[in-house]
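Undergrad: Residue numbers (my numbering), protein chains in the order written: chain A, 1 to 131; chain B, 1 to 359.
Certain hints may be false.
[Stated by the list, open to error] Output of the computed footprint for chain A on chain B, the stretches with three or more beta carbons under 8 Å from beta carbons of chain A:
{"hint": "1", "region": "170-179"}
{"hint": "2", "region": "238-248"}
{"hint": "3", "region": "280-292"}
[Stated by the list, open to error] Far from chain A by the CB rule (all over 12 Å, computed), these chain B residues:
{"hint": "4", "residue": "Val39"}
{"hint": "5", "residue": "Lys188"}
{"hint": "6", "residue": "Pro189"}
{"hint": "7", "residue": "Lys201"}
{"hint": "8", "residue": "Tyr230"}
{"hint": "9", "residue": "Ser330"}
Keep in mind the hints are simulated off the structure, nothing from the lab.
Just so it is clear, the structure is predicted and the values come from calculations on it, not from any experiment.
Yeah, the Cβ is synthetic: ideal placement off N, Cα and C, and Gly gets one too.
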Amino acid sequence: MALNEVDTSITMRGIKLDAPIFVVAKSAKMASSISSMIKGIPVVAASDKERTVYVNGTKAKLGLEKYKFVEVKDGIEAAKAIRISKKLLPFVYESETQRIKILVKQLQVAMFLTDSGNINALRKAPIYKME
Amino acid sequence: MVDKSKLTQSRKLEHISIILNKDTQYHKKTTLMECVSIVPKRGKIDKKDVDTSTLLHGREIAAPVFVSGMTGGQKETFEINKNIAIAVSKLGVPMGIGSQRAMLENKGLTYTYDVKKIAGDIFLIGNLGVSKLPKYDNSAIKEAVDSINADMLALHTNPGQESVEPEGDIDFRGAYDRVCEVSEALDKPVVLKEVGNGISKEVASKMKGKIYAIDVQGAGGTTWIGVETYRGNSSYGKAFWEWGIPTALSVLESISGFGSHVWSSGGIRSAEDIAKSIAIGAEMCGMAKPVLVSERKGGAIGAYNFLNGIIEDFRGEMAKLGFESIKELSSAKVMIGEPLAGLLRQRKVRFRRMETVVD
Numbered sequence: 001m002a003l004n005e006v007d008t009s010i011t012m013r014g015i016k017l018d019a020p021i022f023v024v025a026k027s028a029k030m031a032s033s034i035s036s037m038i039k040g041i042p043v044v045a046a047s048d049k050e051r052t053v054y055v056n057g058t059k060a061k062l063g064l065e066k067y068k069f070v071e072v073k074d075g076i077e078a079a080k081a082i083r084i085s086k087k088l089l090p091f092v093y094e095s096e097t098q099r100i101k102i103l104v105k106q107l108q109v110a111m112f113l114t115d116s117g118n119i120n121a122l123r124k125a126p127i128y129k130m131e
Numbered sequence: 001m002v003d004k005s006k007l008t009q010s011r012k013l014e015h016i017s018i019i020l021n022k023d024t025q026y027h028k029k030t031t032l033m034e035c036v037s038i039v040p041k042r043g044k045i046d047k048k049d050v051d052t053s054t055l056l057h058g059r060e061i062a063a064p065v066f067v068s069g070m071t072g073g074q075k076e077t078f079e080i081n082k083n084i085a086i087a088v089s090k091l092g093v094p095m096g097i098g099s100q101r102a103m104l105e106n107k108g109l110t111y112t113y114d115v116k117k118i119a120g121d122i123f124l125i126g127n128l129g130v131s132k133l134p135k136y137d138n139s140a141i142k143e144a145v146d147s148i149n150a151d152m153l154a155l156h157t158n159p160g161q162e163s164v165e166p167e168g169d170i171d172f173r174g175a176y177d178r179v180c181e182v183s184e185a186l187d188k189p190v191v192l193k194e195v196g197n198g199i200s201k202e203v204a205s206k207m208k209g210k211i212y213a214i215d216v217q218g219a220g221g222t223t224w225i226g227v228e229t230y231r232g233n234s235s236y237g238k239a240f241w242e243w244g245i246p247t248a249l250s251v252l253e254s255i256s257g258f259g260s261h262v263w264s265s266g267g268i269r270s271a272e273d274i275a276k277s278i279a280i281g282a283e284m285c286g287m288a289k290p291v292l293v294s295e296r297k298g299g300a301i302g303a304y305n306f307l308n309g310i311i312e313d314f315r316g317e318m319a320k321l322g323f324e325s326i327k328e329l330s331s332a333k334v335m336i337g338e339p340l341a342g343l344l345r346q347r348k349v350r351f352r353r354m355e356t357v358v359d
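For reference, chain B alone in the conformation it holds in the complex:
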């Protein structure tokens, strides 16, 4: 009889190894953040006059930046989560963890996600797969969230990854209803997130009013279809390498369909990307691979140095453009170039703060 728990644990390690050692980035598609230009509010200001803090679901955080959930469910992955937790506890920003499926299969692995025990009261985002939800009732899901004292629950929808994954769960029937049920039943906010292929306006519209936030995890960074193509040596997966909605487009589509509380992640690599994400309306901005690489090289200190550097660069970016606060930045006027502007027209996505040029 196959030990599901051992398979899950082994898969976690393979994922980390592939992401660190193989080329798993989009080759042609970008996030399209390069099409976004922020119109400065005023001349350059002093960095010390910039306040990057913001509120996330009523709780103050140091910057609208979080570490996307990546891993858990295995001894080595606990080290990763622990080190990232220590880093974010010093910086005052949230972090997510990887899918908690492993601890639902084997309670003994709960410790690999339970980072508040070490890092204190950080803002922690739990994680479960949408396609796995029918296997667990609401009380099991609630227990998974409560046992690690998570502040939110991210439900990841990953049909692209599952289609190519050797042991993929390719049944998403009833997924939408189940997400709504879980959101209704939990006393913590629920976030729907993708894993690198982006979320469309149509999906975002369906979720409006049902959950707290959408984390687009758009195309332009790591492709999990690529990760699974390596794992399973898929004969058909490679064709889907570039499949996905670029992050900037997905953020704007999701805002159009869902409203506020849209998070920008997927290929976010710089302070400029973060500033642009907030300027086009994202509430938060997530990073994953660069944090993982820093943590693997330098442990908690490595992760801290990277994140601190990014937050300080973000402060510098805001100062350069004359924005004193996140509130000001999120109301910024923006110029959107091609091809993003054309795609927004095609998709009938309006963006009111776009500067238009009249001939």
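Chain A with its partners taken away, still in its complex shape:
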């Protein structure tokens, strides 16, 4: 496959996300503001128990109460989280917002190197677990 053919997007409750990597903001106001700046990336407020998500500046309900979240430091860790479980979603804190494009790129490269053309394929990629 070609790297630029690799599709990191995912659709949750009818809403298309550029990648299943979440940004956690301090407040709902910050979440709304950040999601307007970074298109296609879901942002959620840490303090919001209902886990309302903002995508492209708009509120959305993605049913996040079913999921567990894990903080990641790069796109490879994000790929691993996505691979390990359908119920596990990677996130970064808002302080890392500048890096989100890099993280998505790293996720794309990790998918390319594991011959995963999309997120569903990544979920079946072989994994090596070092003991």
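Use these hints to put chain B onto chain A, whose structure you have.
TA: Just chain B now, kept in the frame of chain A:
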């Protein structure tokens, strides 16, 4: 208009400079050869009773050791190839050359790969990138191999490197089919090789029956993702520094998927590594950076001294363990410790000659 040939030449020099002057080794991952222990066949024997020679595609070579293809396509890189060729001609072992893309772009650079003209009838392995194959038809590829009288053609697959390389070719569509086509069309054996990230059982299985050999070039030595991260100052490349399948694991996975004719390279640094590689089933064992360093320091003599030393150490290793021949060593019983043993279980890779301990 960009002169592709000049860009390629400049890239070659940058690669050499980075490998020699920067830290481009894996930091955490090892080859996992340290998990392999060879069960001695008999008590120590005399070195003079050890025969390290073997056959490679019907041709006798002095030891199952080769110099991995590294460079070419530029005046300075010709010096490197020439000196290594002189060294291997004295020792009777094969060598590879770096990607011949430069000579396909500019025929005037053919001389930088054409080392048989100087070193005589050495066993020479040509080299082309898998992602570049769609650009050239079979006759152009055949000409590239024949014009330097190469005995084999290595096709390197390097998606990790290309993903991080500033001018990377990130389109590997149709790569598998093209490799099979080239292998079918050429009258020389084809080897699929990685460049430091290793080959998995799944990829090896796909190639079974289609090509002559797999050169795993596993993780544990130089990381080309690291080399390109330096070159392009990549913002995302560093995260992939440790990406790859360790050499020992990749050899065993490839044998499981492909069968015989699997070559062990990537982080091979000692005679012990070579002995272990052969013991776990590798046909050949390749080295690159240590040879380059020796050549850059001492020219042909430097490369010769290094390679001769390694081959003699390998003979000593075989003598210490009581193996008289490569045939005996390749049938050795082996103990495999953790984490390699655990990874083999996870990956469902069986190794019949593994000694098991029963509680």
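Undergrad: B:Pro189: least C-beta distance to chain A exceeds 12 Å?
TA: holds, 26 Å
Undergrad: Three residues or more, CB to CB closer than 8 Å: is that satisfied between the region 238-248 of chain B and chain A?
TA: holds (count 4)
Undergrad: Hey, does B:Lys201 actually stay past 12 Å from chain A on C-beta?
TA: Per Cβ check, B:Lys201 is inside 12 Å of chain A; nearest 8 Å; violated.
Undergrad: Tell me whether the statement that chain A covers the region 170-179 of chain B is true, taking a Cβ distance below 8 Å and needing three residues at minimum.
TA: The restraint on the region 170-179 of chain B holds, since 4 of its residues have a Cβ under 8 Å from chain A and three suffice.
Undergrad: Measuring Cβ to Cβ, find out whether B:Lys188 lies farther than 12 Å from everything in chain A.
TA: Given a closest Cβ separation of 28 Å, the condition holds.
Undergrad: Does the claim that B:Tyr230 lies off the interface hold, with its Cβ farther than 12 Å from every Cβ of chain A?
TA: holds, 17 Å
Undergrad: Mind taking a look at whether chain A covers the region 280-292 of chain B? Criterion is 3 or more residues with CB to CB distance under 8 Å.
TA: Violated - the region 280-292 of chain B has 0 residues with a Cβ nearer than 8 Å to chain A, which falls short of three.
Undergrad: Using Cβ atoms and 12 Å as the threshold, tell me whether B:Val39 really stays out of contact range of chain A.
TA: holds, 23 Å
Undergrad: Are all beta-carbon distances from B:Ser330 to chain A longer than 12 Å?
TA: holds, 26 Å
In summary, the numbered hints that this structure violates are 3, 7.
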